[in-house]
Amino acid sequence: MRALDKKLVYDLRRIWAQALAIALVMACGVATIILSIGSYRSLEETRSAFYERYRFGSVFASAVRAPLTLKERIASLPGVSAVELRIMQPVLLDVPLMVEPATGIAVSIPDHREALVNKVYIRQGRLPESGRPDEVAVLETFADAHRFTPGDSFEAIINGKKRKLTIVGTVLSPEFVYAIGPGDMVPDQKRFGVFYMSASVLRALYDMEGAFDDLSLTTLRNADLGRITEGLDKILKPYGGSGARSREDQLSHAFLDNELTELKAMAMIIPPIFLFVSAFLVNMILSRLIELEREQVGLLKAIGYSDVAVGWHYTKLVLAIGLVGMVIGVIAGQWLGLGLTRLYGRFFTFPFLIFRHSVDLFLLATGVTMLAAVAGAARAVYSTVRLPPAVAMQPPAPTQYRSLFDRSKRRFQRISRRTIMSTRHLLRWPLRTFLTTLGTSLSVTLLVTAVFAFDSIDYMIDNIFFRTERQDASVSLVKALPLDAQYSLRGLPGVKRVEPFRATLTKFRHGETEKRVPIVGISNDSRLLQILDVEQNPVKPPNSGLMVPDMLARQLKLRPGDQVQVELLEHNNRVVSVPVVGLVSSYVGLTSYMSLKSLNRLLREGDRMNGARIRIDASSLPDLYQEVKQTPVITSIALLDVSLQKFRETIRENITTMTTLYVVLAVIITFGVIYNSARIQLSERARELASLRVFGFTRGEVSSVLLTELGIITLLAQPLGWLLGYLFAWMVVKGFESDLYRIPFVISSETFANASLVVIVAAVVSALIVRRRIDRFDLVRVLKTRE
Amino acid sequence: MQKPIFEINGLTKIYGSGEVEVRALNGVDMTLYEGEMAVLLGPSGSGKSTLLNIVGGLDQATSGKVLFDGRPLTALNERELTRYRREHVGFVFQFYNLIPSLTARENVALVTEISRAPMSPDEALAMVNLSDRATHFPAQLSGGEQQRIAIARAIAKRPEVLLCDEPTGALDSKTGILVLEALSTINRELGTTAAIITHNVGIREIANRVFYFKDGKIEDMQVNDHPISPSKVSW
Ligand SMILES: Nc1ncnc2c1ncn2[C@@H]1O[C@H](COP(=O)(O)OP(=O)(O)OP(=O)(O)O)[C@@H](O)[C@H]1O
Ligand SMILES: [Mg+2]
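Same order as they appear, the protein sequences are chains H and S.
Under this note's numbering, the first residue of the first sequence carries the number 1, and numbering increases by one thereafter.
Under this note's numbering, the first residue of the second sequence carries the number 1, and numbering increases by one thereafter.
It cannot be assumed that every hint is accurate.
[What the hints assert, rightly or not] Listed next, the stretches of chain S that the computed footprint assigns to chain H, with coverage defined by at least 3 CB atoms under 8 Å from CB atoms of chain H:
(1) 81-95
(2) 105-115
[As the list claims (entries may be wrong)] Residues from chain S that face chain H, not an exhaustive set, calculated with beta carbons under 7 Å:
(3) 58
(4) 99
(5) 172
(6) 173
[As the list claims (entries may be wrong)] Partner residues are not named here, just some residues of chain S that face chain H (Cβ under 7 Å, in silico):
(7) 53
(8) 59
(9) 77
Calculated directly from the structure, the hints in this document are not laboratory data.
As the structure is a computational prediction, the values presented were derived from the model and not from experiment.
We treat Cβ as the ideally placed atom computed from N, Cα and C, and that holds for glycine.
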């Protein structure tokens, strides 16, 4: 091996701990990109494969009762490739050992053939045989929530009659990746299930011989969905059709899409920040590390090595460190990405997973990092090789120190020389001090950026579950009943307050855009539902006109005072024009509000309600459930606590997992950077500090010089880090924001405090390591060599 | 007879072990007296620096004994050695080892701040004739001036001994003489014991006694009854 290469090996061995720390910082930047974008891509790919292989419908429609003979007409609509006519009806469940009432929908599967649309994936067992009235296949999530396996049975009330059903199989369906019950905000696998039964059986049970009430169809690639839905609406209108809808309004798809969009936003915005911050840090550290080699560079040049040879020598050093970082980063990113994909695959209950190996990501991430690393080294080498060897071989000439702390000024008389040493050193190279401070603050920044999502979620939870929805439970009724029904609800066990509401599904149209929107009418003295305006102040529902969520207003370009065309989908698609009188704040869903009176006026059915928010006495809950099960007009009762818990679970699955990973990576980066800064500071000043030891300064006194410096930098870095963190978090929020989705921009003081705490702990640990090295200085050796 | 300040007996320092064993010191016996000026001569690698480092409390001997003022140095622990250096010893090295971020005066003050009965930094600077450069930073001083600052720093705490390892090694004759003058002034006026390592044979003329080192041992010692002033040294 050539002498210079030997030097390389020795150098690497000497700085192995620092080199490893740098490699880890690089690895974290690379891994973040690969794992997050990689797993997002895999999930996205898996979803489309699932949709395609299991023929997920692209248009859905339902009617009250339509003849099967319509099939020809529907199939001949331009662009339609396959149609499946079916029965879809609500069922009430009576599950042993379950106190709260559970509901579900029964879905027919074709007799004697496979479904052409929305095929199910059989996880366990088989599908019901045609004509067997007691056989049912259930959604796997429901089965799992109840620990059901094929062979188990339960009772259900189907069309008013109690029946015993035996589970013959568990299935997954592209149509019900998420199964969300009526009136629920989030899926509750226990309280809501999907039950597949033979079509002939369901027809018989619901008196639907020769008829269907629901359909789903797939389309050709370039089909005009607008024309198909229009055509369907025309065909189904005489049969009580309630408006055809395309995929984007299909509940499960919309929900899953939303989750994937969040994931995408998390993957697309935060990791690039990580990558660039880590690249910057690596650049900075390596550049300083090589500046330390200044005298050696001078020496190598003095003995005749060319600038290029010297530059290449240090480039090799950086490449060696970078290579280790890249290998760790790619392997860790790939491995974590696979794990994450599996985890999410399980949350979303995909029947299979497709892993995408994103070569472009490998190239991008490693390219950016390596470039930054080599550039950092090049900067340092270049600035040194430019110097004449004689100058380079001497310690860098101390540029004029400021006369700060001039002793003649009385007020500084008491400041110790060691403090002066620390401060002067910091001021001597203001750029270096600034960069070190910036590096430290970027650690704070990364942590704030990674963690603040939790604050936003907390805020969202507070907004939804504590400020807006203040009921203990909400009940939905089978159909709209006269307002007097609230008195029967009031009479149920433990019910202390009842606030009726009326909800109806509509389609808003304004300009070119239309949107399916639920309208909820609530009474003016409503206390259990608190509508918040965009400034988060409670507002009353207006006497007439609509309050629409700001998000919906943006999508439809609506402003207060505008008239919006509202198609009443549950009332013969009658179209009315309603003024928008105000905007409300909403983080989930597009629900718009009216006063109960004015909505009922609009619907022309008299004063009616189809649900209520109630306040209850928790101790009478079992009695209440018992009563509700016996009360056929109540289709479901949803406890707010349970919704909150489900909401949290869903969030945890989706955001927390990813965020936690980011936090871990940010912590590693923090330690890598701060440890390196401290070690480099130590190297820069080893000689000086050893001299102090020789003069009889104690270890503690000598360490304090360096630790003061480290402390000053760490403290200065905090406010800067908070500021940058605030900025980056704002960028993340803006990046997340879409027509459909946004998160509130909230950062709690705890988040700032925690970020600082991590950085300070990292600084203290690094300080202890440095301190130990100072304690172990070999004084003779330090003094014998010139450097 | 003068009072001995260092009594060194059978001092041995071995680096490494087995095949690669180096005996830097191989049984050195030596006494230094209070107020004397000793010069240590000898070929490179003969163990001069090793001896000075051990005597100065910077390094540990393998075996043998060093008494400072009657107390054994070899028995001191790390913390006590630090105190010993702080209170009794002044060092001057070939590479001046000034703190670049401090002015000349502050470099001296660095040491006076932690000593029990120091002279003022200005007084110390006056002794090396550099009062006018007190507010300069090391980078603004010549090598010889830096070395004199280092001497001022070493003597400011009024140490009992001054240990100098090639203090003129990096200097020309004129500057070297200035440095030696500073050293001998301090030796004369403060009664500080001084041990000076040098490769410059001429310098032995200024010493009371001269020790010749060879292969880790003292080969010879000469007493010089009439030390000359540094300005008369033939370089
Ligand atoms: N850390 C060490 N490890 C191994 N051997 C050492 C070490 N330090 C010194 N030596 C050896 O000890 C011997 C004496 O070294 P020392 O530095 O005392 O010599 P010196 O007389 O001061 O020489 P010079 O005049 O060149 O400064 C030398 O042979 C040297 O190689
Ligand atoms: Mg020597």
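Fill in: Minimum beta-carbon distance criterion (7 Å), residue 77 (chain S) to chain H
violated, 12 Å
Chain H contact restraint on residue 172 (chain S) - CB to CB distance below 7 Å:
violated, 18 Å
**Message:** Take the shortest C-beta to C-beta distance between residue 99 (chain S) and chain H; is it under 7 Å?
**Reply:** Since the shortest Cβ distance to chain H is 5 Å, the answer is holds.
| message | Min Cβ distance, residue 53 (chain S) to chain H: is it shorter than 7 Å? | response | Because about 5 Å separates residue 53 (chain S) from the closest Cβ in chain H, which is inside the 7 Å limit, the hint holds.
Task: Status of the hint placing residue 59 (chain S) at chain H (closest C-beta pair under 7 Å) - done: Residue 59 (chain S) check passes; min Cβ-Cβ to chain H is 5 Å, inside 7 Å.
Interface hint check: residue 173 (chain S), Cβ to nearest Cβ on chain H, cutoff 7 Å. Holds or violated? violated, 22 Å
Please verify the coverage claim for the stretch 81-95 of chain S: does it have three or more residues whose C-beta sits within 8 Å of some C-beta in chain H?
Since 10 is at least three, the answer is holds.
- Query: Quick check: the stretch 105-115 of chain S, covered by chain H? Criterion 3+ residues, Cβ under 8 Å.
  - Reply: Three-residue rule met by the stretch 105-115 of chain S, so holds; n is 7.
* residue 58 (chain S) as an interface hint toward chain H, with CB separation required under 7 Å -> holds, 5 Å
In summary, the structure is inconsistent with hints 5, 6 and 9 from the numbered list given earlier, while agreeing with the others.
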